Amino acid sequence: MSTAIADLHETPADLGVNYLNANYGIRSWLLTKDHKRIGLLYLATITLMFFVGGTAAVLMRLHLIEPQGALFEPETYNKLFSTHGIIMVFFFLVPSIPATLGNFLIPLMIGARDVAFPKLNLMSWYIFITGCGFALYATLSGGVDTGWTFYPPYSSSFSHTHVVAVALGVFIAGFSSILTGLNFIVTIHKMRAPGMTWFRLPLFIWALYATSLIFVLGTPVIAITLFLLGLERILHVGIFDPAVGGDPLLFQHLFWFYSHPAVYIMILPGMGVISELITAFSRKKIFGYTFVAFSSLAIAIISFVVWGHHMFVTGQSIYAGLVFSVLSFLVAIPSAIKVFNWTATLYKGSISYEAPMLYALGFIGLFTIGGLTGLFLASLATDVHLNGTYFIVAHFHYIMVGGAVMAYMGGIHFWWPKITGRLYPDYWARVAAALIFIGFNLTFFPQFVLGYLGMPRRYAVYPAEFQVLNVMSSAGASILGIGYVIPLIYLTWSMRYGRAAGPNPWRAKGLEWTIPSPPPTENFEEIPIVTEEAYNYPTSGVASV
Amino acid sequence: MSEASGHSSGSEHVVPVSTYVGVFLALIGLTALTTGVAYIDLGRWNTVAALAIAVIKMLLVVLFFMHVKYSTGLTRIAILAGFFWLLIMITLTLSDELTRGWEIVSHGWSVMIPVVLRLL
Amino acid sequence: MTGFIQCVLSSVTAPAAMIPLQPPAASTIAGGVDKLYYVLTGITAFFAVLIFSIIFYFMVKYRRRSDDEQAPPTHTSLALELTWTIIPSMICAVLFVWASALYVRNARPPAASNEIFVIGKQWMWHVQHPEGPREIDELHVPVGVPVKLTMTSQDVIHDFYIPAFRVKKDVLPGRYTSIWFEATETGTFHLFCAQYCGTNHSQMIGWVYVMTPTDYAEWLAGGEQTVSMAQQGERLFSQFGCGTCHVSGNNGRGPSLAGIYGKPEKLASGQTQVVDEGLIRQAIVNPNSVRVPGYEAIMPTYQGQIDEEQVLQLIAYVKSLGSEERTNGQ
Amino acid sequence: MSELAAHSAHPPGFAHQFETVAQQREAGKLGMWVFLVTEILFFGGMFTAYTVYRSLHLQAFITGSHLLEVKFGATNTAVLIVSSLTMAMAIRSAQTGKRKGQTIWWLILTMLLGATFLFLKFRFEWYHDYVDGIVPGVSWSYHGPYAPGAELFMCFYFFMTGLHALHMIVGIGILTVLTVMTARNKFSPQYYAPLEISGLYWHFVDIVWIFLFPLLYLIGGRYPGS
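Sequences listed follow chains A, B, C and D, in order.
Note that the numbering used here numbers the first sequence so that position 477 is 477, with each residue one more than the last.
Note that the numbering used here numbers the second sequence so that position 15 is 15, with each residue one more than the last.
Note that the numbering used here numbers the third sequence so that position 263 is 263, with each residue one more than the last.
Note that the numbering used here numbers the fourth sequence so that position 187 is 187, with each residue one more than the last.
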């Protein structure tokens, strides 16, 4: 293994034959079975979806500058927040880190030539873009106004919008998740390089393994639930319709059986990324490896038994509420363990502040707030007041944007030199990271206050006394928007003009940093034999595993 | 042809035809049994019997036709996880659906006692 | 857009007092919820500040000074791991018990509550007082008296939310849910729909007027509608011909309804259920599902012929039968 | 690709990302098992809904169940069990390297049994239900006691058996491909993984029916007065 790389700090004029230039043409991409190229196909797709969903968000925030609504009719506003939620949750956040970085990195990190089922992997992408197609078609041809939660009987019997098309899109995209999760589970079980034992795996792999469990165990349920909803809407039969003895709350149970764990689909891979970033930029072995690893599994498992906390005020039985409340508190513990272990890793580290590290530190701060405000919602008595208000909106954006998206951005920046072989301008990257952090807090912190004041979510117009906080939030959103556009520009720029990165620009540990950037199509000239644990810093300046 | 288990390709255990036929006959017998039992009045035990027989039939298929009897622990864990998660879904959903009519029995902390007792 | 600029300016320049931080607290429930809320805020602030300061301290103290600098190896510590597992667990345990006890108390209406009925429909709140008055998007209640709202929806799921009282509950079609509160000060408070219910969800709002008991009594008497819900129900009872079968005594083709409210009833399905609003509603819209043994399944469903308001009036009538006819019968 | 030369004499079907044939085989089997776990939860969502409604409307579900004819359910159960046996025999004959004709015949027999199941289901059950007016949302003319609950039951009956039938159709498609592959000598005692993992799928579909039969046809018993 240590013989493979001659000189890491040479910056070659051309990047050699690699997975990007091994062959050319649109066919070579659309028919690729290379996990790295499939990762990039996902990257392109979800970036498009991110900006579609983001546009909806910006329009919503602009609209809410005035209490009576500045721009749209309520009907349009309702479609905007539904589109925003559906696109961001099902077509950006759920696939974000797993499908892009996961696809790209899992084989590299465990020392494999590809995932276990490359054809299936490509098929997953085609399934995903089919789902995207349905969602975009529905959005462009009039939109949907049910919210991303599709609660019947509104969605099944009352809405006049494209519910079926969108539900079908989500249903289809769900199979992409299932197959991706399946692929990852088998890959991690069966494709590890010799010597790569479970406890030598990078924590990113543990996190993605836990995520894949949720993909596999949760996604089928949302699929069947939306299937039933679609049939109810098309055939006018009552599955969830109280008129024939159906129970609309049953839909909510089945929906949240997936959709609460789905929150962890979004955040767990982010936690994995953070473990990589913290260790790389403090050149320190992770503090409490086994605790961080097992807390990922614990989160994945516990996440399946807490869904009822979304239903404390829906007419769910009080007794079920009590059970779900105690279980919800339980899921806070492994998350807390992670935060404390990351913090402890910094102790006596050699900490540097390149852009990915800024994202990682931002993640810890925002995730901490997001997690702690979750306690308000696990507590039954306060949840009654806060449920359905902007407090919820603020809380889950701290987790999903402050957490998952920050981690995604950090991960993209960290592995960008590996993916493209080139460096991006670090100055601009730091500026963007700072803008995103500031803009994010300005957008969402006032929403905690709004929620406590009692402003319900999904309101196209609102009482005038809430205006100041709403305007602050909208101002923050515009900063946030700019923060997200800047990376799009300089990352695109760097693909052509960036300096060559070399195999290991961060002097980080991990098998992916032992091979050239960009990696060759077959990843490893020879399958490595792993002899040491993950994050075995200090490095001697040259990566050797 | 001898058994293929010795091959380097890792071919697995070949189940004797007699086992397959035995399992098959058991399955047919159990189908007849479950149908027959439905015509006898056992009260609520009809449901229990029907489900118990279905579980036995499933086990026969899983263990012999699907070779789980000869497979690794990983396979078994995967199957158990599937059923365990199904159980989670059914149990916790019913914990709401079946307790909605319950009176709120008590004030204060002691409310937890009946919850634990009734749900365990 | 000028409004926007003004607002940005004012939000920057205005004193903090311009930004409200706390909703009015105007019910007996609000105080307890707020106390828990502040403790939670304190816990959040404590841990956030703790973690931020530690990180910030490490960031400065252990910043990389040269490109080749290396860090010493990491030593794990089981004691630390256990500490930060056990302390959060204990905090969570305390929070759970506190919040749950409070919640259960807040969920249980006192026995002597004034009852008011609420029907949600796209996109208005329809309120009916037992004494007769009805109102739309307004709710008049007396101060210092526990009030129980029994709520249902005519179409989709709504949610009845009074922030100042810290009470909220979904309003479901085909079912009754309820909340209760006891207002502690007179005044006017927001009433919101907090479950997305379609196009004009954000206009499904209104006001709660908390009045002194005398004002309230005056208001009740001053309405045009002077016929009580039970009387309206009685009218419906004869209009739909319910009395043909449901006669008092055991000779009718249907069971007698006198005095059944609040009593446990054994059903044909073998279950025993207390006769409450939900069960009576069920008996009207889906009679066979709650059939009483000894009577044939001959009652037709009234679903589609009767709206939620009328169901509530019939329920009020059946409830009113409780004492009267029972004493007559005996 | 150069290092692949080191692995000489790979059997057909060996994929480049694997190091050994055994690894590929195990990966394939694990993949299928994980897929079946997702199927458990896919059907599981419906079983959960069914369980909830059955416990809330037992009498109505019994009424609905009695609209179905046990003889078709029982016959179809038997048909599927036979098809599971023939599927197992098909794999066994590939595993032991019998003449390929034998494998093909077992496969064709399995497909025919699957088709028999579908024929019975559609022709003698669904079609008659349609004629009798007990298909919710399409033709519904049942107005006996517990009609709304019975309609709910029939919804579940059609969704569950429909989804199951869809899986059967997919299974028959897979078997067709396998038959062609067998005919083209793709399999040997060293390499028959596609047969094996498809067999797992076929048996799984059988298991789903093993539960659907009592849950849909036998609820609350069939004895007089039930």
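Since the hints were derived computationally from the structure, they do not count as laboratory data.
Please note that the accuracy of each hint is not assured.
Stated by the list, open to error - Here are the simulated distance ranges between beta carbons:
#1 D:G137 to A:P520: 50 to 58 Å
#2 A:Y126 to D:F72: 16 to 24 Å
#3 D:A22 to C:A48: 33 to 41 Å
To be verified - Straight-line distance between alpha carbons at most 35 Å, and here's what the computed DSBU-like set of lysine-lysine pairs gives:
#4 D:K100 to A:K33
#5 D:K100 to B:K69
#6 D:K100 to D:K186
#7 D:K186 to A:K33
#8 D:K186 to D:K71
#9 C:K266 to C:K121
#10 C:K121 to C:K263
#11 D:K100 to A:K119
#12 B:K69 to D:K98
#13 C:K61 to A:K348
#14 D:K71 to A:K119
#15 D:K186 to A:K348
#16 C:K61 to C:K148
#17 D:K71 to D:K121
#18 D:K186 to B:K69
#19 C:K121 to C:K148
#20 B:K69 to D:K71
#21 B:K69 to D:K121
#22 A:K119 to B:K69
Nothing here was measured: the structure is a model prediction, and the numbers come from that model.
Where is the CB? At the ideal position from N, CA and C, for every residue including glycine.
Each hint, compared with the structure:
At about 56 Å, the CB distance of G137 of chain D to P520 of chain A agrees with the hint of 50 to 58 Å. With their beta carbons about 39 Å apart, Y126 of chain A and F72 of chain D fall outside the hinted range of 16 to 24 Å. For the pair A22 of chain D and A48 of chain C, the supplied restraint of 33 to 41 Å is violated, since their beta-carbon distance comes to about 52 Å. As the CA atoms of K100 of chain D and K33 of chain A are separated by approximately 32 Å, the hinted pair is consistent with the 35 Å bound.
For the suggested pair K100 of chain D and K69 of chain B, the alpha carbons sit about 27 Å apart, so the restraint of at most 35 Å is met. Restraint check for K100 of chain D and K186 of chain D: the C-alpha separation of about 10 Å stays at or below 35 Å, so the hint holds. Pair hint K186 of chain D plus K33 of chain A holds up; C-alpha atoms about 23 Å apart against a cutoff of 35 Å. For the suggested pair K186 of chain D and K71 of chain D, the alpha carbons sit about 41 Å apart, so the restraint of at most 35 Å is broken.
The straight-line distance between the Cα atoms of K266 of chain C and K121 of chain C is roughly 34 Å, inside the 35 Å bound, and the hint therefore holds. Of the supplied pair hints, the one linking K121 of chain C and K263 of chain C holds, its CA atoms being roughly 31 Å apart against a limit of 35 Å. Of the supplied pair hints, the one linking K100 of chain D and K119 of chain A holds, its CA atoms being roughly 28 Å apart against a limit of 35 Å. Between K69 of chain B and K98 of chain D the alpha-carbon distance is near 24 Å, which keeps this suggested pair within the 35 Å criterion.
Distance hint between K61 of chain C and K348 of chain A is fulfilled; the C-alpha atoms sit about 8 Å from each other, no more than 35 Å. Taking the CA atoms of K71 of chain D and K119 of chain A, the gap is about 44 Å. The hint is violated against a cut of 35 Å. Note on K186 of chain D and K348 of chain A: the hinted pairing is violated, with a Cα-Cα distance of about 60 Å set against a maximum of 35 Å. Annotation: proposed proximity of K61 of chain C to K148 of chain C is violated, straight-line Cα distance about 59 Å (limit 35 Å).
A hinted pair counts as satisfied when its Cα atoms are at most 35 Å apart, and K71 of chain D with K121 of chain D qualifies at roughly 11 Å. Simply put, K186 of chain D and K69 of chain B have alpha-carbon atoms about 27 Å apart, close enough for the 35 Å limit, and the pair holds. Proximity of K121 of chain C to K148 of chain C is assessed by CA-CA distance (about 20 Å); at most 35 Å being required, the pair is judged to hold. A hinted pair counts as satisfied when its Cα atoms are at most 35 Å apart, and K69 of chain B with K71 of chain D qualifies at roughly 33 Å.
As the CA atoms of K69 of chain B and K121 of chain D are separated by approximately 32 Å, the hinted pair is consistent with the 35 Å bound. With a C-alpha separation of about 30 Å, the suggested pair K119 of chain A and K69 of chain B falls inside the 35 Å cut-off, and the hint holds.
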